[in-house]
Every structure is written in structure tokens, then in C-alpha cells.
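Asks: Sequence:
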Amino acid sequence: MRLFPVLVLLAALGACASPPPRVAAPAPPPVILDPDAACLQELARMGADFQPLEPFGEPGQGCGIANPVKVSATGSDWNRPTVLSCSLARVVARYQAEVLQPLAQQRFGQNLKRIHHAGTYDCRIRRNTTTAAAAARGSKGGRLSEHSKGMAIDLTAFELEDGTVISVKRDWRAGNAKAAFLKDVARTSCNTFNVVLTPNHDRFHQDHLHLDIGPYTLCGY
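Counted the way mature numbering (1 follows the signal peptide of the UniProt record, and there is no 0) counts, the sequence shown spans residues -17 to -1, 1 to 204.
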């Protein structure tokens, strides 16, 4: 009979005991998105009109693009579609939204309708049209242009919503609102791109603004 109270006491103590701590499930491994896929996603999120392309290169010349896209608009239309690296396209899309549009609104009270460019990818050396193949044969030496990797773009003009065209070649030294806009664009571009070359830099850039995201830095404003 004495055993019964002991059993009751043990049962009560067991009921009051805290349950064993729950072991947390291990955290899932972090998802690492492929950099090229991440670039394409961001470009789409920013509203760019583009088409992903297969990587390409030109053997023996050092030219090519690992993550190419064909772009026809980054918020504003481009005067013609062109092939460039996704990395550069992403920078240009952000630059168009955060720099060009605010400057156009500030100077002219309207948005940009179209960005005019003279090209992006071009397998050549710097500062002239000598091809990389010719340079490799020794006809003319020089470092490959960032155009040869799709990391540079040459902007020639900016077109406003009302059809007004602001031309680098015609308006850079005009001394008017168009010239002031171009100078604003060039100056602020140095905060976005690694290299900015303007008509003030040399004779090779009298009709365009060269913008690139290569490894070198130069604000040729």
C-alpha cells in the first residue's frame, strides 16, 4: 500500500518536468545566383528592352563578350539596337534613370525620348579603327579598346520628347542650354563610369562621349 503514494508522486513530478528542448533544423545553404543570371534579372527589373545572346569571342584577338545582350532601350529608346555586355547594359540603364532623365528635366523640363549612340562592341585597339587582328600581326600596336569586350559605349546625341536633338558634335561648344546639358552629362558621368572621354580630351572624341566600365579610371571632362 505504501507503494501507491510513491507512484502517484513520481507521476506528478514527471508531469511537471519541462519537455526536452527542441533541436532547430539546420539552416538551408544560401542560394548563390549566377552573376550573369542576376544581371539579366536586374536589367529586366529596370525595364530594359533586351535579348540575351550566347557568349562569343574572336580567337587569337582577345575580343569577345562573356555575357552579351542585344539592347534596344533602357527606359528611353536607343537609335538602334546594339550588342554589349550585360554588365555595361545594367550600368547604362541605371545611369539613364538616375542621371540623364533628371538632367533633362532640370534643363529642359521634359524627358529623354531617345539616346543616340555610335556603337558598343568593336574588336579593335584604342583610339583608332585598327582591328585587333591587324594589331596582332604587328601593323600597329596598342592596347585593346574596352569596346572589344562590350564594356564601352559612345554616345553621340540625346533626343527629347518634343523631338529636340542635342548633339555632341554640334552643341558641345555652342555656349547655350544644350552645351550646358552636355557638360552636366559629362561631369556627372564620371561618378558612374570608370572612363569618360569628351571633345575636351582629344581629337578622337570630337563627336561623342566615350563611357566605359573597364579596369582603368580617367575623367576626361
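Worth flagging that the hints you see were computed from the coordinates, not collected in a lab. Treat the hints with care, since some could be wrong.
Claimed, not checked - The calculated label-pair distances, taken between Cβ atoms and stated as ranges, are:
#1 Q88 to N62: 17 to 25 Å
#2 R156 to Q24: 17 to 25 Å
#3 A21 to A56: 17 to 25 Å
#4 E41 to C173: 29 to 37 Å
#5 R156 to N62: 31 to 39 Å
#6 D145 to G30: 32 to 40 Å
#7 A163 to E41: 35 to 43 Å
#8 G158 to R28: 33 to 41 Å
#9 A49 to K96: 16 to 24 Å
To be verified - When the alpha-carbon atoms are kept at most 20 Å apart in a straight line, the in silico SDA-like pairs for lysine to any residue are as follows:
#10 K166 to N94
#11 K96 to G40
#12 K53 to D32
#13 K166 to Q189
#14 K166 to R63
#15 K166 to H100
#16 K96 to Q79
#17 K152 to L95
#18 K161 to V82
#19 K96 to G30
#20 K152 to N62
#21 K152 to L127
#22 K161 to E142
#23 K152 to G197
#24 K53 to Q88
#25 K53 to R90
#26 K152 to E142
#27 K166 to R126
#28 K152 to G30
#29 K161 to F91
#30 K166 to P198
#31 K53 to R63
#32 K166 to P85
#33 K96 to P85
#34 K166 to G203
#35 K166 to L143
#36 K152 to H188
#37 K161 to T139
Predicted, not measured: the structure shown is a model, and the values here were computed from it. The C-beta atom is built at its ideal place from N, Cα and C for all residues, glycine as well.
Asks: Going straight from one Cα to the other, do K152 and E142 come out at no more than 20 Å?
Replies: 14 Å, holds
Asks: CA of K96 to CA of P85, is that 20 Å or under?
Replies: Cα-Cα ~13 Å, so holds.
Asks: Going straight from one Cα to the other, do K166 and R63 come out at no more than 20 Å?
Replies: 24 Å, violated
Asks: Verify the proposed pairing of K53 with R63, using a straight-line Cα cut of 20 Å.
Replies: Distance of about 10 Å is within 20 Å: holds.
Asks: Against the 20 Å threshold, does the CA-CA distance of K152 and N62 hold or violate the hint?
Replies: Given that 20 Å is the threshold and the Cα spacing comes to 16 Å, the pair holds.
Asks: Taking 17 to 25 Å as the hint, is the beta-carbon distance of A21 and A56 inside that range?
Replies: 21 Å, holds
Asks: Can the restraint linking K161 and F91 be considered satisfied, given a maximum Cα separation of 20 Å?
Replies: Since the Cα atoms of K161 and F91 sit roughly 9 Å apart, the hinted pair holds (cutoff 20 Å).
Asks: Does the beta carbon distance between E41 and C173 stay inside 29 to 37 Å, or does it fall outside?
Replies: For C173 against E41, whose Cβ atoms are near 31 Å apart, the range 29 to 37 Å holds.
Asks: K161 and V82 were given as a pair; does the straight-line alpha-carbon distance stay at or below 20 Å?
Replies: 16 Å, holds
Asks: Quickly compare the C-alpha distance for K166 and R126 to 20 Å and report which way the hint goes.
Replies: Cα-Cα ~28 Å, so violated.
Asks: Within 20 Å, alpha carbon to alpha carbon, are K161 and E142?
Replies: 11 Å, holds
Asks: K53 and D32 were given as a pair; does the straight-line alpha-carbon distance stay at or below 20 Å?
Replies: 9 Å, holds
Comparing the model with each numbered hint stated earlier shows that hints 2, 5, 6, 9, 11, 14, 21, 23, 24, 25, 27, 28, 30 do not hold.
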